[in-house]
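**Q** Listed here are the chains, written in short residue letters.
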Amino acid sequence: MSKLFMFEKPLGMRDALPGYFQTKRNVQRVINDEWESWGYLPVETPTLEYYDTVGSASAILDHQLFKLLDQQGRTLVLRPDMTAPIARVTASGLQNQHFPIRLAYHTNVFRAQQLEAGRPAEFEQLGVELIGDGTSSANGEVVSLMIEALRKTGLTTFQITVGHVGYVNALLEEVLGNDERADDLRRFLYEKNYVGYRQHVENLPLSSLDKKKLNSLLRLRGDWRTLDEALNLVQTPAAKEAVEELQELKTVLEHYELSDYIKLDFNLFMHMSYYTGIVFESYGNNLGVPLGSGGRYDELLQQFNRPAQAVGFGLRLDLLVEALGLTGAVPSQTCILFSPERRPEAVDQARRLRETGKRVVLQDIRGVEDVDQLSESYEDVVSMIGKKKEGASHE
Amino acid sequence: MNEWLTIAMPKGRIFEEAVQLLRKAGFPIPPEFEESRKLIVDAPEANMRFILAKPMDVPTYVEHGVADIGVAGKDTMIEEERDVYEVLDLNISACYLAVAGLPEYEKSDVNPKVASKYPNLATQYFKQQGEQVEIIKLNGSIELAPLVGLADRIVDIVSTGQTLKENGLIELETIVPITSRLIVNPVSYRLKDTVIDDLVERVAQVIGVEEQV
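Which chain is which? The protein sequence lines are A and B, in order. Using this note's numbering, the letters of the first sequence map in sequence onto residues 1 to 395. Using this note's numbering, the letters of the second sequence map in sequence onto residues 1001 to 1213.
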């Protein structure tokens, strides 16, 4: 191994320098304010969790978890997402609080380091979870909150795509009967391999009508009218119920006047088993990966012995900043440049200016490397140098 | 409203065949278009821009979203495991992956070595076979490896078998048939759904795979 450079960081770790940090924080504040104005209460959980509890309950694949060992040799994970920790908190610290519970978070999450340079192993996520409410109003509220938050950040072009895992499962079961065969097709959907899906369907011992039905699933996407096609394709109550749920989601979103942001795609399949109902992802125009994703996960909380329906989503702050571009110029600052004999006056002046809300840098002239350069980097420079005069002179 | 599509493709024969497909599907791509030596070629009549890349890199351009769609061999898809939609089998540039070696090759238990351009794929294959081998990654002219004793077998794509024959190698096992696939970036797949669905449908009709759409 070659020697580490002094300035090297572990693979996948990033610094945030002032310009970037400011942008990030502005975006984060706007979103947090939005969460909180909807009554979602922010929580924090530890960075490390047990692999056996939170790690295995998380939606993140095992090989993507950042693992380490504690002193007793137990496997720990750096939290891969916040949904599982929030489920744990809901079932423990908040166990006496009645449902529904509305929680929000802003935190950094971790992924196993990847050899390809530049893939972050740590990034910030912002999200909400609405726990203990299975109504379509809850679905609509959470989707609307995602849209409103993205709108507030100033992102102009984005889209939310909604799918329904329950529908896909019901359709596959309706045609295939047993779950094992459905699992094969689910895997193709999950791997986004439609060619493999069709080839697999072709080789199944099914009537051509059933094969057609399975292949039609791949085409079930578009605007809200897709719901009619989806309904025509299925017979079982479970599948019809799923379409009904989406129909209700549409109604709720119309009440929020946000239904135009939505497209449907019944093949949105982000995880093999985690989600149970609606799922959704958001996309920004100039990004190759989704900005955020979420859905209904009605089976997670029972793993923590407090069964409850729940719906939530997370947004990736780093991707949002990428989509928005660097907008957060470091705010303007005033510099008071003083020589030692006038320090009391300078301190007093700085205090008064700060009270008016200004950002004031107090700088001893003897500590300055290059006065011209210093003057350039501030909006306003007040000199308090040499013998005291009446008032301060502005440069 | 007609959105531009950026399409990543390998240079050479696959590009020509794919452009032929698109023409047959009714996209107005100018004649002699394929003969350009530029890396980026526009076809404004069809609202398309082509990025010409190394075959192995096509899935990378598509995954990162700088290309909306791409044409990639199934071999690179297996090797690279990129997060993209594989929507259509274009049935062009058909070939297959095979294990090859010298005619006198005999299985040996003493640290068998396999050379390949596809280290991930080869590793996967021999794992499935339960065989313990050392994989050596090469970037081309794989046939050299058994000839000079770098490895006793190779994993590579075979189309006619001519290259193997000329170098005195024989095919030992067939791994998997390979064709070119139409792949789509997950975000483009959603944001440009109308244009992409239209293209997929038209191309599917040309290659006569109606049940594909």
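Warning: the hint list may mix true and false statements.
If you want a taste of the chain A side facing chain B, the calculated C-beta under 7 Å gives, among others [unchecked claim]:
| # | residue |
| --- | --- |
| 1 | Trp38 |
| 2 | Lys152 |
| 3 | Thr156 |
| 4 | Gln159 |
| 5 | Tyr283 |
| 6 | Gly288 |
| 7 | Gln333 |
| 8 | Val382 |
For each label pair, taking beta carbons as the anchor points, the in silico distance ranges come out as [as the list claims (entries may be wrong)]:
| # | chain 1 | residue 1 | chain 2 | residue 2 | range |
| --- | --- | --- | --- | --- | --- |
| 9 | B | Asn1167 | A | Asn178 | 31 to 41 Å |
| 10 | A | Arg151 | B | Pro1112 | 55 to 65 Å |
| 11 | A | Ala16 | B | Glu1016 | 22 to 32 Å |
| 12 | B | Asn1167 | A | Ser208 | 22 to 32 Å |
| 13 | B | Gln1205 | A | Glu116 | 54 to 64 Å |
| 14 | A | Asn178 | B | Glu1201 | 28 to 38 Å |
| 15 | A | Val361 | B | Pro1119 | 29 to 39 Å |
FYI, nobody ran anything at the bench for these hints, they're computed from the structure. Cβ atoms here follow ideal geometry from the backbone N, Cα and C, with glycine treated the same way.
**Q** Look at each hint and say if it fits the structure.
**A** Hint check results:
1. Trp38: Nearest chain B Cβ about 26 Å off; hint violated.
2. Lys152: Status violated, d = 21 Å.
3. Thr156: Because about 13 Å separates Thr156(A) from the closest Cβ in chain B, which is outside the 7 Å limit, the hint is violated.
4. Gln159: holds (6 Å)
5. Tyr283: holds (5 Å)
6. Gly288: Constraint on Gly288(A) satisfied, holds at 2 Å.
7. Gln333: Violated: closest Cβ of chain B sits about 38 Å from Gln333(A), beyond 7 Å.
8. Val382: With a minimum Cβ separation of about 49 Å from chain B (threshold 7 Å), the hint on Val382(A) is violated.
9. Asn1167(B) x Asn178(A): 31 to 41 Å: violated (49 Å)
10. Arg151(A) x Pro1112(B): 55 to 65 Å: Because 60 Å falls inside the window, the suggested range holds.
11. Ala16(A) x Glu1016(B): 22 to 32 Å: violated (47 Å)
12. Asn1167(B) x Ser208(A): 22 to 32 Å: Hint violated: Cβ distance 47 Å, outside 22 to 32 Å.
13. Gln1205(B) x Glu116(A): 54 to 64 Å: Given a distance of about 37 Å, which is not inside 54 to 64 Å, the answer is violated.
14. Asn178(A) x Glu1201(B): 28 to 38 Å: holds (32 Å)
15. Val361(A) x Pro1119(B): 29 to 39 Å: violated (55 Å)
Hint violations for this structure: numbers 1, 2, 3, 7, 8, 9, 11, 12, 13 and 15, all remaining hints satisfied.
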